[in-house]
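Work the whole structure out from these sequences, hints included.
Protein chains: 2
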Amino acid sequence: MKFIHTADWHLGKLVHGIYMTEDQREVLNQFVQLVEEEKPDAVVIAGDLYDRSVPPTDAVELLDEVLFKINVELKTPVVAIAGNHDSAERLHFGSSWYRNSHFYLTGKIQNEFKPVQINGVNFYLVPYAEPGNVRHALNREGVNSHQEAMKAIIGKIEENLNPNEPNVFVGHAFVLGGNTTDSERTLSVGGSGCVTQDLFAPFSYTALGHLHSPDAIKHDKIFYSGSLLKYSFSEAKQRKSVSIVEMKENGTFDIRYRSLAPKQDMRELSGYLEELLDTSFYEKEKVDDYLKITLHDEGALLDPIEKLRQVYPNVLHLERKLVLKDMKDKKSFTSVREEKKSELELFEQFYTEMTTAEFTEDKKEVMTEVIEKVLQEEGDRR
Amino acid sequence: MKFIHTADWHLGKLVHGIYMTEDQREVLNQFVQLVEEEKPDAVVIAGDLYDRSVPPTDAVELLDEVLFKINVELKTPVVAIAGNHDSAERLHFGSSWYRNSHFYLTGKIQNEFKPVQINGVNFYLVPYAEPGNVRHALNREGVNSHQEAMKAIIGKIEENLNPNEPNVFVGHAFVLGGNTTDSERTLSVGGSGCVTQDLFAPFSYTALGHLHSPDAIKHDKIFYSGSLLKYSFSEAKQRKSVSIVEMKENGTFDIRYRSLAPKQDMRELSGYLEELLDTSFYEKEKVDDYLKITLHDEGALLDPIEKLRQVYPNVLHLERKLVLKDMKDKKSFTSVREEKKSELELFEQFYTEMTTAEFTEDKKEVMTEVIEKVLQEEGDRR
Chain A
1 MKFIHTADWH
11 LGKLVHGIYM
21 TEDQREVLNQ
31 FVQLVEEEKP
41 DAVVIAGDLY
51 DRSVPPTDAV
61 ELLDEVLFKI
71 NVELKTPVVA
81 IAGNHDSAER
91 LHFGSSWYRN
101 SHFYLTGKIQ
111 NEFKPVQING
121 VNFYLVPYAE
131 PGNVRHALNR
141 EGVNSHQEAM
151 KAIIGKIEEN
161 LNPNEPNVFV
171 GHAFVLGGNT
181 TDSERTLSVG
191 GSGCVTQDLF
201 APFSYTALGH
211 LHSPDAIKHD
221 KIFYSGSLLK
231 YSFSEAKQRK
241 SVSIVEMKEN
251 GTFDIRYRSL
261 APKQDMRELS
271 GYLEELLDTS
281 FYEKEKVDDY
291 LKITLHDEGA
301 LLDPIEKLRQ
311 VYPNVLHLER
321 KLVLKDMKDK
331 KSFTSVREEK
341 KSELELFEQF
351 YTEMTTAEFT
361 EDKKEVMTEV
371 IEKVLQEEGD
381 RR
Chain B
1 MKFIHTADWH
11 LGKLVHGIYM
21 TEDQREVLNQ
31 FVQLVEEEKP
41 DAVVIAGDLY
51 DRSVPPTDAV
61 ELLDEVLFKI
71 NVELKTPVVA
81 IAGNHDSAER
91 LHFGSSWYRN
101 SHFYLTGKIQ
111 NEFKPVQING
121 VNFYLVPYAE
131 PGNVRHALNR
141 EGVNSHQEAM
151 KAIIGKIEEN
161 LNPNEPNVFV
171 GHAFVLGGNT
181 TDSERTLSVG
191 GSGCVTQDLF
201 APFSYTALGH
211 LHSPDAIKHD
221 KIFYSGSLLK
231 YSFSEAKQRK
241 SVSIVEMKEN
251 GTFDIRYRSL
261 APKQDMRELS
271 GYLEELLDTS
281 FYEKEKVDDY
291 LKITLHDEGA
301 LLDPIEKLRQ
311 VYPNVLHLER
321 KLVLKDMKDK
331 KSFTSVREEK
341 KSELELFEQF
351 YTEMTTAEFT
361 EDKKEVMTEV
371 IEKVLQEEGD
381 RR
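Top line first, the protein sequences correspond to chains A and B.
Residue numbering for the first sequence follows the UniProt record's numbering, starting at 1 and increasing by one per position.
Residue numbering for the second sequence follows the UniProt record's numbering, starting at 1 and increasing by one per position.
One or more of the hints may lead you astray.
Which copy? The list can't say, so a pair holds if one copy fits it or any two copies do.
[Unchecked claim] EDC-like mimics (lysine to aspartate or glutamate), calculated; alpha carbons at most 16 Å apart, straight line:
| hint | residue 1 | residue 2 |
| --- | --- | --- |
| 1 | LYS286 | GLU158 |
| 2 | LYS364 | ASP220 |
| 3 | LYS218 | GLU306 |
| 4 | LYS108 | GLU65 |
| 5 | LYS108 | GLU61 |
| 6 | LYS108 | GLU148 |
| 7 | LYS69 | GLU37 |
| 8 | LYS108 | ASP58 |
Read the hints as simulated data drawn from the structure, not as lab findings.
Computed from a predicted structure; not experimentally measured.
Set out below in structure tokens:
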């Protein structure tokens, strides 16, 4: 029995102000083709189909279109759950009808975990749910963390699980041992969102969504498929693929990966402005990729982003990082907002970064005067 | 062949700050029971299933539940279209799957109007669409009004329509001859949203949604079913029902109405405060109905809404209207915002309504001084 494990499509995602819907359409077309070639017995989507609870309408249309091709036209059973980015209730709408076409979609956590059986394999669908919702749905006091919630759910599943059959857990969770990237960050703050690996011991294969790298966890039975695309620059070096799992009757399996190639990659580039704008440099580059550029230049630069965009139209983020011999690296732009600094400190930082000259006491005096005058006038106006 | 015609459910509707979802659930339960009794060959819902493009999640769950009962449990084919309050794209999601269960849902206008055939009757599904969307979908220049759009659509339908069969048009539009109420108002401003009755001549029965009264149009083949519930006080005196249509092979039909009874009616009440608060008056009243109360009292009243709510918990709107012998009626509250008045005029109106004493020249002088001082200070601060 063969299934494809994918997750974290995040349809309707906005990356640095750019809607990724067309990139997603491109990659999903490749995915549909891959399904056509592989002819799996099922496609498993482990949550975060959309990027937000109310996705833009073109993302809604894209999902409808892609699932229709896979499920109805290619007659492939589809197993899908809601992730933390999906709206459980909105995604759940219509799921009772979809089952007739072997499209098994679970948006909301329920008090029943009857497996979906496809060619001898049992799929247990566990959508993302807050501990409070699990406590309510399972009517179990004392469920206050994701760990307790998952334990309660799996305990409930085990009541009727036949360990002699291949059992696949489909979930959306932060399983410990994983590494996070920027685009997954929201959930994991403080570690309260984590669950431990040992909970999944009853399953032959655990098909997870949530972390965006297929290498996020090293385990012989627990896997993240990784996201469809790179969704932040912290994922720039991750491979993106879907997992092809061939499940045997005894619950062991073979796994291999097939990658999907977006038209535009997301990657980082660094160097001196002049160098990056040099034909001999960029003629070897895929200039329309989504780029984060780090400039090493010292001193003031006049509108570097404009100049860069004439060569690299999709620069999404620009940073400057001086490369000095005996000093620690200094960051600009991004760090400014992170700390609470006085106006004078902010200006001093700006001045030294832009000029590399010293911000002398004389200069400091002049600026102090200017700043005080401005603040005074602002106060008067209030 | 028997079908039930309903429309304008407006699930998730907020009336004067109150979510009507529980009232809707109550009435829809009655509707499901009515379907069970009538055993129709189809249920037709002519648009505005939801009240807005992104309805609250409990409205989404309610629609899912009700349609599942009717379509899957009672095995009744359902024919539904999007209205102007629905999101065409969001409602359309999944419609390809629903067809397998004889749930025919059209959210988006398309360039094809293949009828849904149910027991010898052809249903033509025409969701609400802006003229621009119709122009685009049908690729027809010169479609700039709703009238032109509807003409183009029906022209297209007629290309393949067999006039010897019973043909039912299912649409969501403001057909001339109808009367509007407050809750339909948005679309009809300026009359540009109107279409004429003659366009529907090719059809045996035209099942409309949009206007909320079943009496909104007097025509022997064009009908509004009316909304599920009263959704504004301008509908307080309307009957609310669904239409049971028995269609014969030659395209003639019988029609009858069945009403649905919400737990709480929406109605208007008027009188003097003391009278309305008198036990002998309200003991005969259904005090927990949704009420618009008009008080006839003169002079100042201390917190009348609080006093009224102790007897009538669901007062949604309070107005005052003096009943004077030789004067025209005067309105307060609501009328204030309608006209552009000076500060002095506004105060004068307020003063006379609250006290019924004269706003003398002396008083006027004092107020003029106060108002000028306030405006002056406000100007200085800007």
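We went through each hint and held it up to the structure:
1. In this assembly of identical chains, the alpha carbons of LYS286 and GLU158 never lie at most 16 Å apart, being 51 Å within a copy and 53 Å across copies at closest.
2. In this assembly of identical chains, the alpha carbons of LYS364 and ASP220 never lie at most 16 Å apart, being 61 Å within a copy and 87 Å across copies at closest.
3. In this assembly of identical chains, the alpha carbons of LYS218 and GLU306 never lie at most 16 Å apart, being 43 Å within a copy and 64 Å across copies at closest.
4. For a Cα distance limit of 16 Å, the shortest separation of LYS108 from GLU65 across copies, 14 Å, qualifies, whereas the shortest one inside one copy, 23 Å, does not.
5. For the homomeric pair LYS108 and GLU61, the shortest alpha-carbon distance between copies (11 Å) is at most 16 Å, but the shortest distance inside one copy (22 Å) is not.
6. With identical chains, the CA atoms of LYS108 and GLU148 are never at most 16 Å apart, being 18 Å at best within one copy and 44 Å at best between copies.
7. In this assembly of identical chains, LYS69 and GLU37 lie within 16 Å of each other by CA distance solely inside one copy; the values are 14 Å within and 39 Å between copies.
8. For the identical chains of this complex, LYS108 and ASP58 are inter-copy neighbours only, at 13 Å across copies versus 24 Å inside a copy, given an alpha-carbon limit of 16 Å.
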